[in-house]
Amino acid sequence: MKSSFSCASYQGSARAAILSWKNHHDEELTPFFADRMAELVHRSSLVEWCYDHRVHSLRIVPTPSSPYAAMRRGRMHTLSLAYAVAGELQRQGIDARAQSALNFSARTIKAVHARGARGRMRRLHGNVSVRAAHGLHGRHIVLVDDIMTTGSTIRACAKALIEHDALIVTALTLASTPVAHPGPESRID
Numbered sequence: 000m001k002s003s004f005s006c007a008s009y010q011g012s013a014r015a016a017i018l019s020w021k022n023h024h025d026e027e028l029t030p031f032f033a034d035r036m037a038e039l040v041h042r043s044s045l046v047e048w049c050y051d052h053r054v055h056s057l058r059i060v061p062t063p064s065s066p067y068a069a070m071r072r073g074r075m076h077t078l079s080l081a082y083a084v085a086g087e088l089q090r091q092g093i094d095a096r097a098q099s100a101l102n103f104s105a106r107t108i109k110a111v112h113a114r115g116a117r118g119r120m121r122r123l124h125g126n127v128s129v130r131a132a133h134g135l136h137g138r139h140i141v142l143v144d145d146i147m148t149t150g151s152t153i154r155a156c157a158k159a160l161i162e163h164d165a166l167i168v169t170a171l172t173l174a175s176t177p178v179a180h181p182g183p184e185s186r187i188d
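In this text, residue positions in the sequence shown follow numbering that gives the first Met the number 0: the first is 0, and each later residue adds one.
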């Protein structure tokens with residue numbers, strides 16, 4: 000399976016809507032974005048991949064926000080996306096559960112201010128960890144995020160999960176930058 004799939008390119012009205020939902024409490028957009036993520040489950044062929052590979056159970060793991068961002072937003076905004084993905088997979092007969100399994104502990108600059116892939120990786124290095132007692136050993140994981148710009152967040156989350164013997168299947172995002180997203184899917188390795 001390809002490493003990542005996105006609903007849209009992170010530009011224009013898609014960018015404006017995601018930022019409004021994410022940072023300005025436009026929570027009425029949550030059902031709309033949940034529907035787009037459910038559609039992406041099918042566009043990514045994730046259901047077919049599961050059946051072809053006899054994978055009957057998935058954990059849908061949202062990427063974490065910094066403690067400051069989560070407090071400012073008053074919610075884990077990517078968790079609603081993970082629930083949407085899990086719900087659609089369940090409707091297709093796959094045991095899928097959203098699981099907030101990751102922490103982001105940094106008190107560094109905001110992601111949008113960390114320039115380029117190297118700046119974002121420095122911001123994330125050593126700051127993404129798996130929460131204790133989540134039992135992810137041997138589990139198939141789908142990572143979920145709102146925006147993929149350089150792929151650094153997805154890579155850092157995947158690395159932390161792989162260190163706990165989790166198996167990364169793919170990543171699903173609302174949007175990705177044209178650089179990170181050259182076509183209908185893009186690689187994260």
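Derived from the structure by calculation, the hints contain no laboratory data. Do not rely on the hints blindly, as some may be mistaken.
With beta-carbon atoms standing in for the labels, derived distance ranges [claimed, not checked]: (1) G137 <-> S99: 29 to 37 Å; (2) V54 <-> D25: 32 to 40 Å; (3) R14 <-> E38: 29 to 37 Å; (4) D51 <-> S19: 37 to 45 Å.
We put the beta carbon where it would ideally sit given N, CA and C, even for glycine.
Assessment of proposed distance window 32 to 40 Å (beta carbons of V54, D25):
Between V54 and D25, where Cβ atoms are some 35 Å apart, the hint holds.
Verdict for D51, S19 (Cβ pair) under range 37 to 45 Å
38 Å Cβ-Cβ, so the 37 to 45 Å window holds.
Holds or violated: 29 to 37 Å for the Cβ distance of R14 and E38?
19 Å, violated
Quick one: are G137 and S99 within 29 to 37 Å, going by C-beta?
Once the Cβ atoms are compared, 19 Å apart, the range 29 to 37 Å for S99 and G137 is violated.
Violated hints for the displayed structure, listed by number in ascending order: 1 and 3.
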